[in-house]
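K.L.:
Each chain is listed here by its residues.
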Amino acid sequence: MAAPDPIVPQTGSKQPGAAPPPATPGRSNEASSPMREAWGQFLKNRPAVFGLALLAVIVGLVLYGHFIFDADPYDIVWMPLTPPGEEEGIWLGTDFLGRDMFTGLMKGGAPTLAVGLSAALITVVIGITMGSLAGFFGGWLDDLLMRLTEFFQVLPALLFAMVLVTLFSPSLWTIAFAIGIVSWPQTARLTRAEFLRIRELEYVTAARSIGAGNGRIIWRVILPNALPPLIVSATLTIGVAILFEAGLSFLGLGDPNTMSWGLMIGQNRNYLLDAWWPVTLPGLAIFLTVFAVSLVGDGLNDAFNPKLRSR
Amino acid sequence: MADPLMSLRDLRVEFDTRHGRVTALSGISLDVMPGETLGIVGESGCGKSITALAMMGLVPNPPGHVTGGQILFQGEDITRAKPRRLRRLRGREIAMIFQEPMTSLNPVFTVGDQIAEAILLHQDVSRAQAEKQVVDLLATVGIPEPARRAKAYPHELSGGMRQRVMIAMAISCRPKLLIADEPTTALDVTVQAQIFDLMRDIQREFGVAIVLITHDMGAIAEMTDRVAVMYAGRIIEQGTSDQILDNPLHPYTRGLIGCIPVLGREAGDAASLPPLAEIPGIVPPLHLLGDGCAFAERCALADDYCRAVRPPLEEKGHPVACHHAGQGVPA
Amino acid sequence: MNDAPLMSVRGLTVDFPLGRGGLFGKPQMLRAVRGVDFDLAPGRTLGLVGESGSGKTTTAMAAIRLAPASGGQVMFDGADLMALTPGQMRQHRRHLQVIFQDPYSSLNPRDRVGAIVREPLDLMDVGDPAGRAVRVEELFTLVGLRRDQMALFPHQFSGGQRQRISIARALATNPRLIVCDEPVSALDVAIQAQILNLLRRLQGEFGLSYLFISHDLGVVQFICDDIAVMYLGEIVEMADRPTLFSRPRHPYTAVLLEAAPSLARRKSQGYRRQGIVKGDPPSPLNLPPGCAFASRCPQAQDRCRAEKPALRDTGAGKVACHFPL
Ligand SMILES: Nc1ncnc2c1ncn2[C@@H]1O[C@H](COP(=O)(O)OP(=O)(O)OP(=O)(O)O)[C@@H](O)[C@H]1O
Ligand SMILES: Nc1ncnc2c1ncn2[C@@H]1O[C@H](COP(=O)(O)OP(=O)(O)O)[C@@H](O)[C@H]1O
Ligand code: SF4
Ligand code: SF4
Ligand SMILES: [Mg+2]
Ligand SMILES: [Mg+2]
Chain A
1 MAAPDPIVPQ TGSKQPGAAP PPATPGRSNE ASSPMREAWG QFLKNRPAVF GLALLAVIVG
61 LVLYGHFIFD ADPYDIVWMP LTPPGEEEGI WLGTDFLGRD MFTGLMKGGA PTLAVGLSAA
121 LITVVIGITM GSLAGFFGGW LDDLLMRLTE FFQVLPALLF AMVLVTLFSP SLWTIAFAIG
181 IVSWPQTARL TRAEFLRIRE LEYVTAARSI GAGNGRIIWR VILPNALPPL IVSATLTIGV
241 AILFEAGLSF LGLGDPNTMS WGLMIGQNRN YLLDAWWPVT LPGLAIFLTV FAVSLVGDGL
301 NDAFNPKLRS R
Chain B
1001 MADPLMSLRD LRVEFDTRHG RVTALSGISL DVMPGETLGI VGESGCGKSI TALAMMGLVP
1061 NPPGHVTGGQ ILFQGEDITR AKPRRLRRLR GREIAMIFQE PMTSLNPVFT VGDQIAEAIL
1121 LHQDVSRAQA EKQVVDLLAT VGIPEPARRA KAYPHELSGG MRQRVMIAMA ISCRPKLLIA
1181 DEPTTALDVT VQAQIFDLMR DIQREFGVAI VLITHDMGAI AEMTDRVAVM YAGRIIEQGT
1241 SDQILDNPLH PYTRGLIGCI PVLGREAGDA ASLPPLAEIP GIVPPLHLLG DGCAFAERCA
1301 LADDYCRAVR PPLEEKGHPV ACHHAGQGVP A
Chain C
2001 MNDAPLMSVR GLTVDFPLGR GGLFGKPQML RAVRGVDFDL APGRTLGLVG ESGSGKTTTA
2061 MAAIRLAPAS GGQVMFDGAD LMALTPGQMR QHRRHLQVIF QDPYSSLNPR DRVGAIVREP
2121 LDLMDVGDPA GRAVRVEELF TLVGLRRDQM ALFPHQFSGG QRQRISIARA LATNPRLIVC
2181 DEPVSALDVA IQAQILNLLR RLQGEFGLSY LFISHDLGVV QFICDDIAVM YLGEIVEMAD
2241 RPTLFSRPRH PYTAVLLEAA PSLARRKSQG YRRQGIVKGD PPSPLNLPPG CAFASRCPQA
2301 QDRCRAEKPA LRDTGAGKVA CHFPL
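Chains A, B and C, in that order, give the protein sequences. Residue numbering for the first sequence follows this note's numbering, beginning at 1 and increasing consecutively. Residue numbering for the second sequence follows this note's numbering, beginning at 1001 and increasing consecutively. Residue numbering for the third sequence follows this note's numbering, beginning at 2001 and increasing consecutively.
It should be emphasised that the hints constitute simulated quantities derived from the structure, not laboratory data. The beta-carbon is built from N, C-alpha and C at its ideal position, and this holds for glycine as well. Mixed in with the good hints, there may be bad ones.
[What the hints assert, rightly or not] Using C-beta positions, here's what the derived DEER-type ranges look like:
| hint | chain 1 | residue 1 | chain 2 | residue 2 | range |
| --- | --- | --- | --- | --- | --- |
| 1 | C | Ala2079 | B | Val1108 | 48 to 54 Å |
| 2 | B | Asp1124 | C | Pro2109 | 48 to 54 Å |
| 3 | C | Arg2272 | B | Asp1124 | 47 to 53 Å |
| 4 | A | Pro229 | B | Arg1174 | 48 to 54 Å |
[As the list claims (entries may be wrong)] Short derived list, chain B residues pointing at chain C, Cβ under 7 Å:
| hint | residue |
| --- | --- |
| 5 | Asp1113 |
| 6 | Asp1136 |
| 7 | Ala1139 |
| 8 | Gln1243 |
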């Protein structure tokens, strides 16, 4: 029953061929740049702005925090497992070796974010490429790529990542790569499904009818319309990657030479019953980061969707 | 004259929208006599479907509210009826068929099951009896091999067959009033002709009154006894179908009739046809309606008086709401 | 019809694969268009009419290579479209444009309408950028939209206005032929008249040819010069407008005319439709050996069920029927 929503009450031409109708009030037709409009829309989305602010604080702290509180996260500063606030200057307590939690969180943040971001990037690049090719061209290419996707999807992700990390050095980059390799199939499937749906819509045929080639149709027509679920899934992937890294570290497969939130959780896990903070605090940091990223992702999605604009 | 089967008395329906509260129906009054066919025409968004839903007591709430007037079915005001009473009326006394027969059938049950369900809901019969009735009904609505088709799922039937199934379901309890909201808009002309034929047969056989909602003046001509023309939530002209088609008084009705390229003798002439009459512009959105005539923005006869004062529905040969009714070029 | 045709289609055939017959099975094919021939003269409008699923859209789209044809030849303005490389075909698209049925799905929701109308000019490298901007404004005026609406998105327009945008896009490159696939059937009657008048005015102004698809004979009568009636992927009758409407020869055409709405058929005068056609068309997967219309034809005889009628000249047009009316 959704009656069309004619917003612009147009006084049409009375005679065919008459001059176009005069401008009607009621709708602003400002033609600012798309970016600026999207940004304006983003700013109207309170949760997204909150997420962006939170993310800015986190990123600011982990990138620039050490200019203020410079210390070595491996230094043993006090008694092991000192609770937060008990000792002057050790606000967040110490871990099982007596290292300062606060310094650890500061220094461990950057590698964690880097792993999350690069893994998500790898996932998105491989996933969108595979998914869009499969969905757009169909046929044997689709078959081939989907078999490949299934192969990677049935791989036990954690096991595969463990193998990769043990075979190569357990550096952050190996970890990011391993996470990317095991998580792209989901993005690929999502992309493919969106491409299959949008490919059939008339505006794609319309683009072809004015002479657009395959590349243009994939990039300029279908992909922008397929983005909303992909953006959401990419932000989720950042979260998943961060957690995955924590999982690997938890299993003792993290890079022991680079402090990260995952490593902190992994190394302190055996003392969880004695002290909650060495595990919970990095966990909270991960949670807040993932939360902020997903709020921003939602906001981006809405900001770039013209239908939600100008409401 | 007999008592009307269904009467709307000064019905008002309002909706909560992002533009605030808007009035979708502002004071609709009409009668449906037993056994007749009443047509309701107008462009989309004029309130035809809401009028139909109101007759069923089905105005979607939220966001809709019936804020005034009465809906009388055989003298009983259904705006005051208890939910239980309403459910009894629906399906049993008043039935409805919709525009899109695909989306109004449940895809996961066979059509036979769905009709049987409707029967069991309103009649005190056994499952086996209901199933037998289903086959009879499918035969009545002209479905070949009714026993086999009863076991089909909606997607296995063509659009025309699905609409026949909807009609079978609607007449399963011998309702007194059948409301058909653009029942053939999604169908081909050949199938539309079949469905119209079926509706006429059913009316003759069961004496059911039909409210036919359409935007097609051809359908009005061949199917209806009386017509109400709606614009922006009001009835702007009302009369017998011949009065409306042969002597339309409202500029909007004239436009509607003039703008359809109906088949005529001219089709056989070699000269190309003159341009169609145009109603310029579009139906104004409800939240932008002012105090004057809602059609003024699109009306060739509009003057300052029209824009300031809303014309009431007055008897001018037949009821019409226009200050300059009957003036200007006839359709 | 004495001009050399602008477009000339011979033996056009289109098959769609139906799912896969298992991993190694041969896919089953649905033949949606079965050997269609027609000529379209410059400056004229050829109507394709027929029921839903009769193959109107597929025929038109295959003729301009927006759907893959599995056989047949299409000559357009001296070029054999089927023989062109994809790159050459893209160049030809400047002369061949389309207006689609659904004004809600034929415009990319993420683009501004100004950019939508401009896109063909950019793709075809027509003129310089400043000239394109002027052209877009010109087109907006031409189709009855305002220039200040160029920065809006498609969802901010009503159905009729969106169809005007589609028309502006189709006109942008000064095409010679526009395929109109039911351009008004999704619109309200009042809006339909606006668009039909606009299409006719533009045809007169620019000497356009239209391949006009519709299932509404009223609309066809208003806009078409020649009409081809399709049934199950074939043309069953073809004639110019006066001939087809005054003297339909194929029983299916007669049935369509009888079913078309008209103000003259009044319930008050006890109107009852005479020859309404029974049932639905047979499945295109399972066609009878003889005339495809035989299962519903009031005139059908034994010969019809055995032997397939060919499209023959009748002097005034063409008809595919053993016993034309
Ligand atoms: N992409 C496709 N894959 C498979 N079958 C198709 C496809 N497109 C069309 N068909 C089939 O081809 C036949 C003709 O379809 P087409 O869309 O050309 O009909 P049409 O005459 O344009 O109908 P309508 O009036 O509904 O638009 C139908 O049987 C249809 O189911
Ligand atoms: N659920 C709803 N919420 C808000 N407005 C509605 C709703 N349903 C209908 N309307 C409004 O009520 C008016 C009449 O609608 P409707 O009766 O469906 O029109 P018609 O059937 O004549 O096309 C329209 O302007 C429509 O936008
Ligand atoms: S009242 Fe005035 S504006 Fe309204 S329809 Fe009549 S003449 Fe037109
Ligand atoms: S060939 Fe026979 S069945 Fe076919 S249309 Fe002609 S008369 Fe009818
Ligand atoms: Mg409606
Ligand atoms: Mg079609």
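K.L.:
Confirm or reject each hint.
P.N.:
We went through each hint and held it up to the structure:
1. C:Ala2079 <-> B:Val1108: 48 to 54 Å: Cβ of C:Ala2079 to Cβ of B:Val1108: about 51 Å, so the range 48 to 54 Å holds.
2. B:Asp1124 <-> C:Pro2109: 48 to 54 Å: 52 Å Cβ-Cβ, so the 48 to 54 Å window holds.
3. C:Arg2272 <-> B:Asp1124: 47 to 53 Å: Once the Cβ atoms are compared, 38 Å apart, the range 47 to 53 Å for B:Asp1124 and C:Arg2272 is violated.
4. A:Pro229 <-> B:Arg1174: 48 to 54 Å: 49 Å, holds
5. Asp1113: Violated, about 23 Å.
6. Asp1136: With a minimum Cβ separation of about 20 Å from chain C (threshold 7 Å), the hint on B:Asp1136 is violated.
7. Ala1139: Not OK, violated: B:Ala1139 not within 7 Å of chain C, min 14 Å.
8. Gln1243: 10 Å, violated
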